[in-house]
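**Student:** For the protein sequence lines, the chains are A and B, in the order given.
Under this note's numbering, think of the first position of the first sequence as 1, with each following residue one higher.
Under this note's numbering, think of the first position of the second sequence as 1, with each following residue one higher.
It should be emphasised that the hints constitute simulated quantities derived from the structure, not laboratory data.
On a predicted model such as this, the values are computed, not experimentally measured, just so you know.
A hint or two may mislead.
Some but not every residue of chain A turned toward chain B, in silico, with C-beta under 7 Å [to be verified]:
#1 Val14
#2 Leu50
#3 Met85
#4 Arg97
Here are the computed distance ranges between Cβ atoms for each label pair [what the hints assert, rightly or not]:
#5 B/Pro482 / A/Asn126: 22 to 28 Å
#6 A/Gly177 / B/Tyr29: 48 to 54 Å
#7 B/Val190 / A/Ser100: 54 to 60 Å
#8 A/Gly177 / B/Ile307: 54 to 60 Å
Cβ atoms here follow ideal geometry from the backbone N, Cα and C, with glycine treated the same way.
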Amino acid sequence: MLLVQEVTKKYGKVLANDGVSFETHPGEISILLGPNGAGKSTLIKCIAGLLKFSGRILINGNENKSLQAKRELGYIPEIPAPYEMLTVWEHMEFIARAYSLENWKEKAEHLLQRFEMDDKKKKLGNELSKGMQQKLSICCGLLPEPKVILFDEPMVGLDPHAIKELKKIILEKKDEGAAILISTHMLDSVDEFWDSANIMIGGRIAARRSRRDTASSGEDLEALFFAITESSKSKSSDGQEGKDSSPEGMN
Amino acid sequence: MKALAYLTLTQIKNRILSLKKKPGLLILYSVLTLIVVGSFVLMIIFSGETNAEKAADERIIYLIISALGLLFVYTFVTTGLSTGSSLFNMPDVGLLFVAPISSKKILFYGLLNTMGKSLLASVFIFYQIGNLRNAFDYGFKEIFILFIIYASMLVSCQLLAIGIYIFSNGNPSRKNLVKAITYTLYAALVIAYLVIQRQQQTGLLETILRLVSSEGFAYFPVAGWSVMLFAGVAHNLPVKIIISVVLFLIMGAVIIILLTSGKADYYESVLVSTETSYQIRKAAREGRNVPQTNSKKIKVRDNAFGIGKGSRAMAIFYKHLLEHKRKSRLIFIDGYTVFMMIAAGMAGYYFRTYALPEFAYYGVLATAVYFQYFLTVMGKLKQELTKPYIYLIPDSSLRKVFAASLSSLIKPCVDGCFIFGILAAVSGHNLPECAFFALAYAASGAVFVGLTILYQRVLGGQPGTVLKVFIGMGLFSLVLGPAIAPSIVLAIILPDSLRFLCTLPYSVISILFAVLLFVACGNLIDKSEYTGSAAFK
Numbered sequence: 001m002l003l004v005q006e007v008t009k010k011y012g013k014v015l016a017n018d019g020v021s022f023e024t025h026p027g028e029i030s031i032l033l034g035p036n037g038a039g040k041s042t043l044i045k046c047i048a049g050l051l052k053f054s055g056r057i058l059i060n061g062n063e064n065k066s067l068q069a070k071r072e073l074g075y076i077p078e079i080p081a082p083y084e085m086l087t088v089w090e091h092m093e094f095i096a097r098a099y100s101l102e103n104w105k106e107k108a109e110h111l112l113q114r115f116e117m118d119d120k121k122k123k124l125g126n127e128l129s130k131g132m133q134q135k136l137s138i139c140c141g142l143l144p145e146p147k148v149i150l151f152d153e154p155m156v157g158l159d160p161h162a163i164k165e166l167k168k169i170i171l172e173k174k175d176e177g178a179a180i181l182i183s184t185h186m187l188d189s190v191d192e193f194w195d196s197a198n199i200m201i202g203g204r205i206a207a208r209r210s211r212r213d214t215a216s217s218g219e220d221l222e223a224l225f226f227a228i229t230e231s232s233k234s235k236s237s238d239g240q241e242g243k244d245s246s247p248e249g250m251n
Numbered sequence: 001m002k003a004l005a006y007l008t009l010t011q012i013k014n015r016i017l018s019l020k021k022k023p024g025l026l027i028l029y030s031v032l033t034l035i036v037v038g039s040f041v042l043m044i045i046f047s048g049e050t051n052a053e054k055a056a057d058e059r060i061i062y063l064i065i066s067a068l069g070l071l072f073v074y075t076f077v078t079t080g081l082s083t084g085s086s087l088f089n090m091p092d093v094g095l096l097f098v099a100p101i102s103s104k105k106i107l108f109y110g111l112l113n114t115m116g117k118s119l120l121a122s123v124f125i126f127y128q129i130g131n132l133r134n135a136f137d138y139g140f141k142e143i144f145i146l147f148i149i150y151a152s153m154l155v156s157c158q159l160l161a162i163g164i165y166i167f168s169n170g171n172p173s174r175k176n177l178v179k180a181i182t183y184t185l186y187a188a189l190v191i192a193y194l195v196i197q198r199q200q201q202t203g204l205l206e207t208i209l210r211l212v213s214s215e216g217f218a219y220f221p222v223a224g225w226s227v228m229l230f231a232g233v234a235h236n237l238p239v240k241i242i243i244s245v246v247l248f249l250i251m252g253a254v255i256i257i258l259l260t261s262g263k264a265d266y267y268e269s270v271l272v273s274t275e276t277s278y279q280i281r282k283a284a285r286e287g288r289n290v291p292q293t294n295s296k297k298i299k300v301r302d303n304a305f306g307i308g309k310g311s312r313a314m315a316i317f318y319k320h321l322l323e324h325k326r327k328s329r330l331i332f333i334d335g336y337t338v339f340m341m342i343a344a345g346m347a348g349y350y351f352r353t354y355a356l357p358e359f360a361y362y363g364v365l366a367t368a369v370y371f372q373y374f375l376t377v378m379g380k381l382k383q384e385l386t387k388p389y390i391y392l393i394p395d396s397s398l399r400k401v402f403a404a405s406l407s408s409l410i411k412p413c414v415d416g417c418f419i420f421g422i423l424a425a426v427s428g429h430n431l432p433e434c435a436f437f438a439l440a441y442a443a444s445g446a447v448f449v450g451l452t453i454l455y456q457r458v459l460g461g462q463p464g465t466v467l468k469v470f471i472g473m474g475l476f477s478l479v480l481g482p483a484i485a486p487s488i489v490l491a492i493i494l495p496d497s498l499r500f501l502c503t504l505p506y507s508v509i510s511i512l513f514a515v516l517l518f519v520a521c522g523n524l525i526d527k528s529e530y531t532g533s534a535a536f537k
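Just chain B, same shape as in the assembly:
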């Protein structure tokens, strides 16, 4: 057997055999496989029953495909401009690239591997068989093509990132050209949206649906081609199928030619991203902070040099301030604040004419709190707890925990003022209610900081992302539930003129809960073990 075939087959065999040592994972995979197989069986059994007249608007599927495609294109173009993408991993670099095997064969191996992984990553679509069948009356053909489309988007976007990296690496003018093309394409979408809305006088959702199902959008790289392919298969339109497949193939062929042209020297082009992703995976596995992949170079300015203030535990807080200052001149106002302000502003603008806009504003609050949860539990405090310094500083545990949390407590206060300030300004909604929204947002931040401390105190470390999602859901119901309930009661009993006070019970209970967590777990540093790095193992 040739080396590459041996490598591929042995890895697959060992991956399957390793499941013997992980019964939990084996059960999970078995259940997931059963769900997929069961869904197929049910689909075959009920294949005669159609529901065409009740089917939902198919353009919603176009919208989902487009949204995914646009997100992938933007993300992978950005990756291509920084580190590039990779079809390989570090063992390939150390063992395969230096071996006497043709680089074209190695590229083919990398492509096949990536395609395989993309197909596996696309399996989740089959879990939607029931929903897709009920909502859109789709059969096997449509669901299978969605599966293929998702995998094709992943593979072609990875190729796109590599192509962009090869084209633009070390050449600022080419980088600017790629950026200009990308921004032009996305700006064209915004213009098309405005034109459709102006000409056809349609609402937000309807305009977007008309845009993604238009003939012009079908030629937008990856996202549009995917919509065209799906429409072609779903409606038996061979011309659309052929055009979209040809466009995908042309893009893939151009990038592969770029990769293999001349001396077929693509090793360097994939090296940076391979090393970066290896370091990220390694750091994640060892429980260390994931290295920043952001290529933005932070310039150390003279006016932001040195910590300057703070002694003992408070040195941690001033260090955090300096770190914030290095990332953003406005310290606590960063990209997230701006993003949330824009989102809140848009929501305020679109919902201001609704009959009960405050319900939409509660939606904005809930969404902002949801994002904030992840931002806080992965924030400064968590990072500090994974480093040894906080354990070594000669100060009381409570002071150290508080100092390490302080910047995470202040940021939601600042963000809340800006997010709900914009909401009030754009929507014209009453200012006191927006101020109480901001307070509720800040109070949620305090609870989440408390929860980070709780994780470390109870679990002796920070849980993984999946566990965080589950714990997060539990927290929403267990902790925030009792805080939300009095607010709902208040909303029912209070007269309209006092309804702006609705979020107050929620805020008060959240702050009390946060204080309780700080007091109960303030001895964290004295009681828990340092688990941040493998350095002491």
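Chain A on its own, in the form it takes in the complex:
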């Protein structure tokens, strides 16, 4: 389970995340929705242990920067960046060694096969196209079979087959009991499988809905998203909002 409690992150004077709290339970797919600059990627990086923050983040009850938490966390970053001088297969081997995995070869073969990378095993990182790099990044993130998985804009740069396969894998991981958090600004890409949605604006969670809520009330998540973002824009232009929104690129 992923627990985020009162997480605040500042870059100098700019407030990127402001007291964010939510939970993602085992077997739940939670999405972080928000326009550019809403603070989604900053929050994902805080959860992944890459940034300092105030507040509390627990991965299956362990403080997110502890080694135990890292063992149970998978992170697929927004920008794939493989080691230039490691082949695809050596990336798998490196992950296996870093996470002390046993009997990993079959799993690695299977993952690479699903993403049509099995014929690229001997390709160096610097020989891969951007889409291939993204696929490799996903394989690296999933190989340790993490219990909590963070995806930061995972569909960007993937071909249709890979998108279909990734969606299948996400659902499989959900069925296996993993807590999954997906950050995206493309609602269409996650529309079919989200369980809970957190809409972020200006570093805060402006609304949280479960699929059950929206199903029973008939509320349209897309309409809610636009209502929140448009109202935030008009507040900003009226000068009613006290704080500045996060700069572009912070995410």
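Following the hints, put chain B in place on chain A, whose structure we already have.
**Tutor:** Chain B only, in chain A's frame:
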């Protein structure tokens, strides 16, 4: 094998194996290795022959070490105040930082990697074995310690940048404190220089040499410690060696403790610089414009909002004007202009009493033209050619090329007036000659703009930096050579009273050449392919 050892060894192995696919690089490395090995063999063979009485002033080596050290310290302090430095790269962030490996072990891995790279970067010192032996009568010991010193300076300055970033990030008062300390240290050097000059009545070079070999300078961070270490090793002075090594170690230890204190949370501190350097490398590899790392935030002022003027191709020129205005209120007068004015002013001041100061002023012109070459070929026109808009604007190719070049043609004219105006004012040299210097400078700018167009027309893109240097050297001899020759002839045949006209043939030929390039390659946009980005690939 543990993950970090596996990662390091596999990367080294693959890097070596990848040379099989790059025979050119393999030959280059082999030749460079042969040169180093050959130099060592020759040094061993001739180790008995000493040349001590003919050796040059050793303080020149102190000066070189000091200059490098001072430059590194200033550069890395500036980096530390903006993005920080990094011992890591992006794959480390995405794969290593999130892995269940102790952050202290990861830091050790980063440090070892950086040290290895610094040692490799320092290998060039061994190519100077012959020169160092001939000029200073140095043996293996001295050359090896120079190698170690260079690598230590690189590593310690990178650590310094990280330390400063951790200390000052998000805290303006701490940033000001770091700036104040840095400026005080450098100001102290200037004061020390003035004191030595006043007390000992020495010239420019001698004063600097006395300064860098003084006891006080030996305690200047990194630069002074490096000089102390070298002097200690070269003259077998163990106390100096111990003090300098201890100072380096203390600095490294303090920063490592700062990095690993508390929850050992240095990931964020290296993240910004890692992402920045990754984006720069990626952009360079894809042939895109390198993103600006300058952290200075440009404020959009109301009086500099909107392009305002220009239609069709000329919209590009007015866009450039706006971009210049955003960077500097005085549009074409920017940091480079000020830097060159100061340099020209200092040269004018120091050389005014020389017997033939005009030779020194020709040196100023040559240096300014040299800098201008790089500034122009990497300037606005090059940037414009790497974006699709210029190809899409409905106007003639020649007009678009001219509009995209216009700001690059005007800037050297403005810079030339200021640089050589200052030179004339400070040196009291005759004004017409300085005016013709300014014209020559502006004309060189026109040639370099023409060359940028030529690169794109002939090569279908802009060559890399190394290639630019070689092409630049070729250009100086092939194109500027015939332009310089008539100027030299004129200098010989003209009487003193008309010698200010010497640079005129050079300027005229350069302008003619630039016009020729524009006419010949003006159809560039219609004929060449857009190669600026991987977007269409």
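**Student:** Tell me the hint numbers this structure goes against, listed in increasing order.
**Tutor:** The structure conflicts with hints 1, 5, although it agrees with all the remaining ones.
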